[in-house]
Amino acid sequence: MVVQHHGIILKNTIYCGMQEHKLLHSFESDSTKLVCKMPSRLINWQVQFFGREWDFMDLYHITLFLGVPFLCLLAPFQFTWGALWVAISLYLVSGMGVTISYHRNLAHQSFKVPKWLEYSLAYCAVLSLQGSPLEWVSSHRYHHQFTDKLRDPHSPTKGFWFSHVNWAFDYHSRFGSYDGQLMKNVGDLECQLYYRFLHYTYFLHSVLLGVALYVAGGLPFVVWGMGVRVVVVSQITFSINSICHTWGKQIWDTGDASKNNWLFGLLAFGEGWHNNHHAFEYSARQGLEQWQIDTSWYVIKFFQVVGLATNVKLPTEIQKKRKALAKNSIMKDK
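Numbered according to this note's numbering, the sequence shown spans residues 503 to 836.
Cβ-Cβ distance ranges computed for the label pairs, FRET-style:
#1 Phe705 x Tyr621: 14 to 24 Å
#2 Arg824 x Phe705: 37 to 47 Å
#3 Phe572 x Val713: 10 to 20 Å
#4 Leu575 x Leu710: 17 to 27 Å
#5 Tyr621 x Thr659: 32 to 42 Å
#6 Leu721 x Phe662: 31 to 41 Å
#7 Phe705 x Gln821: 32 to 42 Å
#8 Leu706 x Glu819: 44 to 54 Å
These aren't lab readings, by the way, just hints derived from the structure by calculation. Even for Gly, the Cβ is constructed at its ideal location relative to N, Cα and C.
Kindly generate the complete structure, drawing on both the sequences and the hints.
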């Protein structure tokens with residue numbers, strides 16, 4: 503397999519790290535070579551102000567970050583019960599699209615589903631406006647490879663607000679951390695036409711959704727379905743990167759600052775059990791205890807029961823004992 507990425511050839515490499523997220527396997531095939539030309543940025547230019555360089559994606563993210571919340575200012579004046587239900591429905595669809603598709607299915611390959619379902623879930627995630635599948639998954643895989651270290655895309659060592667949201671405005675810096683190849687670790691997705699299509703067009707789908715909402719319910723549907731909903735989903739996701747690496751309980755020996763936070767376990771469809779996740783990143787289930795609510799896992803389990811989800815990965819009891827903190831093990835022995 504040959505992947506051309508931002509002018510650099512990545513030859514005969516596939517991503518297959520389940521637990522360690524490393525490039526573990528390579529192969530050669532002279533007879534069959536699939537070439538994916540994926541420039542990391544469609545528009546490649548920079549401007550300099552406020553003492554740093556800003557490229558197109560930095561300005562795009564800032565415009566989006568400031569523009570979408572502006573709609574929220576109109577929310578009290580555009581409230582209808584129908585608009586509220588639209589916001590709640592899209593919060594569930596796009597939010598769990600991120601947690602089930604982007605995170606557990608694509609980034610960690612915690613389970614497999616038929617392509618039609620995999621692609622449908624990814625499309626739901628696109629509507630969250632958190633980036634294309636390729637960029638989201640790439641950043642997250644690097645997060646696990648360099649958790650809480652300098653090369654972590656949203657490392658808390660650079661400050662709470664950097665890990666929460668400021669990292670998204672430093673596209674140039676993130677590319678610099680990975681030799682100009684932020685997405686070199688998503689070859690398994692990059693060579694699928696569907697994900698390349700979503701990468702180049704992902705913002706367009708939210709524009710079309712906004713138009714559809716306006717046609718269906720006017721400005722209230724747009725304000726609540728796009729403004730309020732996108733801000734809520736984004737802030738919840740950002741909080742996993744920041745709050746769940748700052749406040750909460752740590753019961754597993756993960757070598758990082760990841761924490762279990764029950765509030766975001768609820769709000770983020772199970773993602774708040776973040777110490778569990780960093781201990782067993784390959785697991786499709788993050789709420790490992792019965793009382794740890796994990797809505798995303800319930801959906802995956804449903805897919806498994808009806809025969810749609812296969813190869814569902816869960817930690818074994820032996821793996822749990824190996825990861826348990828010493829103080830936790832002592833308490834269990836008593």
